[in-house]
Every structure is written in structure tokens, then in C-alpha cells.
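Chains as they are written, first to last, in the UniProt record's numbering: chain A, 1 to 356; chain B, 1 to 356.
Derived from the structure by calculation, the hints contain no laboratory data. Here the structure is a predicted model, which is why all the values come from computation and not from measurement. One or more of the hints may lead you astray.
If several chains are the same, the list does not tell them apart, and a pair holds so long as it fits within one copy or across any two.
[As the list claims (entries may be wrong)] Straight-line C-alpha distance at most 25 Å; calculated DSS-like pairs for lysine-lysine: (1) LYS3 x LYS43; (2) LYS183 x LYS157; (3) LYS20 x LYS3; (4) LYS350 x LYS132.
Number of protein chains: 2
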Amino acid sequence: MKKHNYSAGPCILPQEVFEKSAQAILNFNNSDLSILEISHRSKDFVAVMEEARALAIELLGLEGKGYQALFLAGGASLEFLMTPYNLMKENGKAAYLDSGTWASAAIKEAKFFGETVIVASSKDENYNHVPKGYTIPTDADYFHCTSNNTIFGTQMKEFPTLDIPMVCDMSSDIFSRNIDFSKFAIIYAGAQKNMGPAGTTLVVVKEEILGKNGRNIPSMLDYAKHIKAESMYNTPSVFPVYASLLTLQWLKNLGGIPAIEKINNAKANLLYTEIDRNPLFKGTAVVEDRSTMNATFLLDTPLHTDTFNAMLKEAGIIGLPGHRSVGGYRASMYNAMPLDSVQVLVDVMKDLENKI
Amino acid sequence: MKKHNYSAGPCILPQEVFEKSAQAILNFNNSDLSILEISHRSKDFVAVMEEARALAIELLGLEGKGYQALFLAGGASLEFLMTPYNLMKENGKAAYLDSGTWASAAIKEAKFFGETVIVASSKDENYNHVPKGYTIPTDADYFHCTSNNTIFGTQMKEFPTLDIPMVCDMSSDIFSRNIDFSKFAIIYAGAQKNMGPAGTTLVVVKEEILGKNGRNIPSMLDYAKHIKAESMYNTPSVFPVYASLLTLQWLKNLGGIPAIEKINNAKANLLYTEIDRNPLFKGTAVVEDRSTMNATFLLDTPLHTDTFNAMLKEAGIIGLPGHRSVGGYRASMYNAMPLDSVQVLVDVMKDLENKI
Numbered sequence: 001m002k003k004h005n006y007s008a009g010p011c012i013l014p015q016e017v018f019e020k021s022a023q024a025i026l027n028f029n030n031s032d033l034s035i036l037e038i039s040h041r042s043k044d045f046v047a048v049m050e051e052a053r054a055l056a057i058e059l060l061g062l063e064g065k066g067y068q069a070l071f072l073a074g075g076a077s078l079e080f081l082m083t084p085y086n087l088m089k090e091n092g093k094a095a096y097l098d099s100g101t102w103a104s105a106a107i108k109e110a111k112f113f114g115e116t117v118i119v120a121s122s123k124d125e126n127y128n129h130v131p132k133g134y135t136i137p138t139d140a141d142y143f144h145c146t147s148n149n150t151i152f153g154t155q156m157k158e159f160p161t162l163d164i165p166m167v168c169d170m171s172s173d174i175f176s177r178n179i180d181f182s183k184f185a186i187i188y189a190g191a192q193k194n195m196g197p198a199g200t201t202l203v204v205v206k207e208e209i210l211g212k213n214g215r216n217i218p219s220m221l222d223y224a225k226h227i228k229a230e231s232m233y234n235t236p237s238v239f240p241v242y243a244s245l246l247t248l249q250w251l252k253n254l255g256g257i258p259a260i261e262k263i264n265n266a267k268a269n270l271l272y273t274e275i276d277r278n279p280l281f282k283g284t285a286v287v288e289d290r291s292t293m294n295a296t297f298l299l300d301t302p303l304h305t306d307t308f309n310a311m312l313k314e315a316g317i318i319g320l321p322g323h324r325s326v327g328g329y330r331a332s333m334y335n336a337m338p339l340d341s342v343q344v345l346v347d348v349m350k351d352l353e354n355k356i
Numbered sequence: 001m002k003k004h005n006y007s008a009g010p011c012i013l014p015q016e017v018f019e020k021s022a023q024a025i026l027n028f029n030n031s032d033l034s035i036l037e038i039s040h041r042s043k044d045f046v047a048v049m050e051e052a053r054a055l056a057i058e059l060l061g062l063e064g065k066g067y068q069a070l071f072l073a074g075g076a077s078l079e080f081l082m083t084p085y086n087l088m089k090e091n092g093k094a095a096y097l098d099s100g101t102w103a104s105a106a107i108k109e110a111k112f113f114g115e116t117v118i119v120a121s122s123k124d125e126n127y128n129h130v131p132k133g134y135t136i137p138t139d140a141d142y143f144h145c146t147s148n149n150t151i152f153g154t155q156m157k158e159f160p161t162l163d164i165p166m167v168c169d170m171s172s173d174i175f176s177r178n179i180d181f182s183k184f185a186i187i188y189a190g191a192q193k194n195m196g197p198a199g200t201t202l203v204v205v206k207e208e209i210l211g212k213n214g215r216n217i218p219s220m221l222d223y224a225k226h227i228k229a230e231s232m233y234n235t236p237s238v239f240p241v242y243a244s245l246l247t248l249q250w251l252k253n254l255g256g257i258p259a260i261e262k263i264n265n266a267k268a269n270l271l272y273t274e275i276d277r278n279p280l281f282k283g284t285a286v287v288e289d290r291s292t293m294n295a296t297f298l299l300d301t302p303l304h305t306d307t308f309n310a311m312l313k314e315a316g317i318i319g320l321p322g323h324r325s326v327g328g329y330r331a332s333m334y335n336a337m338p339l340d341s342v343q344v345l346v347d348v349m350k351d352l353e354n355k356i
């Protein structure tokens, strides 16, 4: 039965990524070897890593601008501590925007390294919006923000222009919309939303910002060492990197970020229009900050929950329950989610209205 | 063409692991979903993680002995710093055995955290043996050793009995031979030799040793936090963990470590007997320390190199070149390598002798 996978991540990937990566497990590049058994130093895998790194930079429009792309292990959660380790000075300070659960988790780790200024927080409103109108201290070593808040369904629509380095956790909306990515000193993103399966993390670093904070950094946490080793300081996550490359190739063939952004906007418009029109539903995020990736909404009354859930199941829709901190529903419409699947969800919402 | 894959890691895995994991990418557990797109919090994947953790403990004979198994990201190289972070006291010290390149890399990272005593080193003899007869300071916070030195083809045959915690990097020979694993406080191993594809690392921790060194540890580097979260503190490497479970299931069905140890000994005996018998070859590791996993050997003269390499290629043997620091050849015969493949290599060695 055809499933419509609304999981928040790991999540849907393009069908051709499943097919090509399954084939590579049985026989990679007609080598009579599995992608799982080849050396990461083999010519074939070095080519995968090089292409993945170059394609990430190309898709983000950062060619020739002094950036390096790395595919590291550990998830975005490891970047929560690598960022301050590499950028915060001893006795320095960092500025953070607290826009959700993951922003808050990043703040917690930064505090291990020094003073961490929270420039603004929407925690008191259960993160139903992205804070605005804040002041970023000009003497901070860097400013950290989160472009999309998966759990709360909010998304930063604008980013400040700063004289200090800006770091952004783009785990849940990288490659989904056009941004001037050259505004950022470091962009990081766990693969498992728009880029690939779980097990690797893209880190895009402007090389010139490294090596300036005076800290002695353990090797595996040192971006400069990973760059010098061309993202092979130690054995990389071979298969997750390969599947990420396939996903980036799919995106490039589709027309890159400009093309997917149109599709993502169409999906989001379709769903939010129904949420606003249908008297049985209401959105939880303030309208101006609504995420194109994760739409969070509630049923008007718990009386309809069982009926709606049964209809979702009947339609093959999975992964729709909201995070426990928000409740209700969360429709994650990452890059690989087709417009048709969003139409199936909207049809179920209309059917519920007709049935009640 | 049938290949005989002697790569040092990532390396050969059981054929059924390739087949089952490729199938799971197309349709996992008849869910009509790919293993790459399911949530790590889904019932199906939580079951994978739980079974993998329990099976690792079972195969090592550690059930009911206070150990927890974790599948973490980052590779053994990240454990080089997690181990001291979790066990070395502020102003404490650790004792390390320097038996090879990876032992030496672990020592380098420990020095970020405090005094690191090298109890013995075989570096001056290019690590051709495992040091013996050393004294371990009784006031060290822990003793660290490396059970198998992939690059140099040496293996520890005995482990000390200590009153301080013993930590062992078993990346290249875990699950290959019976050891009293309960002697160790922490065992860690990158998956990509005997356990699965690259992208996850098994860490087996005796719980009672944690939380005693007085350090404030960043969350992702804190074993206690990973244990509390049942190895899901953040999104784990879903596919590498699943493929590791398939490999552990294969090992259990085969009869576990006692069964594979017999096969590994037979493979090693077959190859070392030929290395010693054939006048064209000589081993590089001292005989008593020879590894059952990685056999390192040289041709008697470079004159035969091209001929031998061509014969290897003709026989479908790949991954045999030695590491640049030793030269010559390295035959990695991990658990999934069949005895037949070793026979193919031995036959080529005999053929070379007949041809010359």
C-alpha cells in the first residue's frame, strides 16, 4: 500500500535514492563489491566524498567564496559543542537566539565553553513564533540561530547582517529555500531531513574564521583538522554519505534550490490554506513565521481525534502526530514529499469536515 | 567476477547482510517504507536498537554483569577523547600502552585531559610486536590498550588483571575470539571490521565506573547520558545500526564467538603456514604476536612485485596492499572472510613460487 510519510526526520527521501542505494549495496559501480565493504580510501569512494562536498557547495551558491563542506558524524547535536569549541574564545562569549527545543539544546552545550547570551527567547509562548527585534552584542565571538524549528513549525524568514560570524543550525530546512548562504560563517545540518538518511552531518565552514579562538581542540572536534583531511580525518559514514550524494544529485537534476523552493511553497500553501479554511483545524504557529517544512496544527476538539486518526490510517498517512510538547499534528513536508501526498492529506481533512 | 575482499576496513561482511539490508532499503519489515525513511523513534527501529544492544552484550558473555552497550556515532576516534573525558579526573592521570598507530592516536587525545603515562611502546621497532613486561601505575585513573593493531598485524594475546579500570579499543578484532570481556571497564569498536558498515561505533560500558571523575561533560560526550537515553540521546545512525544487527544475528546463528574463533584460527593458520613455508615471503610481525585478523607480509624481493600483483588481480583478490608505514601486503581476514578466500590467496602465493 502506498504510504505518505510525514515523519519529522528521518523522513521521506526520493524513490530513486532508495533504488540506487539498494543496488549499490548489492553491487556498487559494477565493481562486484558492496558499497558497505569498500574501503573509504578506495578511488570509488573518494570520488563520492569529493562530489558530495562539491555539490553541497554548488547547490548553496558558495563556490569560490572560501567555504569548505564536511560530512561529519555525530549529528547536529555534536555540532552544538563543536561550534563553541572552534569559535568561542577562552573568556569570550557567544550570542544565541532561543527559538525552540534544538536552539535551547545548542545553548546548553555552549555554556560549557563560556558566557552564553540569549538575545531573545519565545519559550514563554511555547515557541509559537520566532523572536524578533533583538540586539546582538557586537563583542560576541559569534551569533547562533536555528533556521527552522521542526517541533514548533516556525521558520526564520530573515537573517540579520552582522559584523561577527553567524552560525546556523539548518538541520530541518537546508536545501529547501533560497537564502544568501554567504551570510553565514558556519552552517550545519543533520542529513536526515532534506539531505539523506541518518548517520552524517553536513558542516559548511568559511575557512577564514577558524584558528582564531586560541583553544587547544581535540582532533575530532577540530574543523580545521577535518578540512585538512578532506573530510576523511577518520573513517566517514560511507553509506549515509553515498545516499546523501544521491539525494543532492536528485535535487540538482530537479533544478536545485530555486526549483524545489517553488514546489515547497506550493505544498505549504495547499496545506496552510486548508488549515485556515477548515473550521475543524487551527494552526499553532503565528502565521508570519509558519514553516514551509513542518506545519503544526490542532483539531478544534478532541472528540474528532479517533475519527481523524482512523481516516489518516486508511489513507496511508503516517508520521503525523505532533511532538509531545505541542500535541496535535505535524505535517513534515520535506523536499522529497510530493505535492500529491499533501493533496491526500488535505482531502482527508475535507472529508472529516464533510463527515462531522 | 567473484571478488576476495581483503580490505582492512570497511571490509567484507556476510553476503546475507548485503541482501537483507538492500531489501530493507526497498521495504523494511513489510511496512512499505524504507529503513532510510522511518523515524528512529518508530516501534520497528526501537526494536532494532534494543536487539542490537542486547545481542552485543550476549555475544560478549556480559549479561547480568552491569554492562550497557551503546551504538554511538563518530567512530573509535571520538572514543579516544570520550574515554578520558569520562574517566580521567581533573589533575588525574591515565596509563596507555603504545602498540601501534591507533594506540598512539588515542594517547594524543588523552593528553588534552591530563597526564598520560606511556607504560611501554614498540614504536622503535616499527610496532612489530606488542610490548610486554611493563608496569602499570596503580594510581592511574585507568589503563588503555588496543587489542589488535590493524596496520602492523599484531594482537594482544593476554590482558593484565588490574585493580584500576581497563579500557580497550577492540575496533579490529571484537567478536573474533574469546576473551574474558568482563576484565574491561570500557570496550569500544568502530563497526567497520567485524560488526557492520562504517557509521556507528559499539561502546560497552560497565555502568558503575561512570560519574566518578568530577568533570562537567558536554552531553554528546557523556556516556551516562547516552545510557540513560538508551542509545538514542540524538538520532542514531539508523542504517549502520540495522546492518550491524544483521551481522550480529549472522554471528549468533553461526554459533557465536566460539564458532567464529575456530574459523578465524583456521584461516590464520592456513595463511601464516604459507608465509613461513614459501621462500618468497616473510612476515613482518613477531610470531608470538601475530594477529588472526590482519596478516602482514613482504615479498623477498621487489623484483616479483608486478608479477604477484598481476596474479592477485587475476584471482579477484583486492585490498591486499599493506599500509604505507609497513609496505608489502596485509591480508585482513575478518569474521566474514571465508576460508575458501584464504585458500585462493595461498594458492596464488604457491603459484608465484612455481612460476619464479
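To see whether the hints hold, each was checked on the structure:
In this assembly of identical chains, LYS3 and LYS43 lie within 25 Å of each other by CA distance solely across copies; the values are 17 Å between and 38 Å within a copy. For the identical chains of this complex, LYS183 and LYS157 are intra-copy neighbours only, at 14 Å inside a copy versus 55 Å across copies, given an alpha-carbon limit of 25 Å. When the C-alpha separation of LYS20 and LYS3 is checked against a cutoff of 25 Å, the pair qualifies both within a copy, at 20 Å, and between copies, at 21 Å. Taking the shortest alpha-carbon separations for LYS350 and LYS132, neither the intra-copy value of 35 Å nor the inter-copy value of 75 Å comes in at or below 25 Å.
Checked against the numbered hints given earlier, this structure breaks only hint 4.
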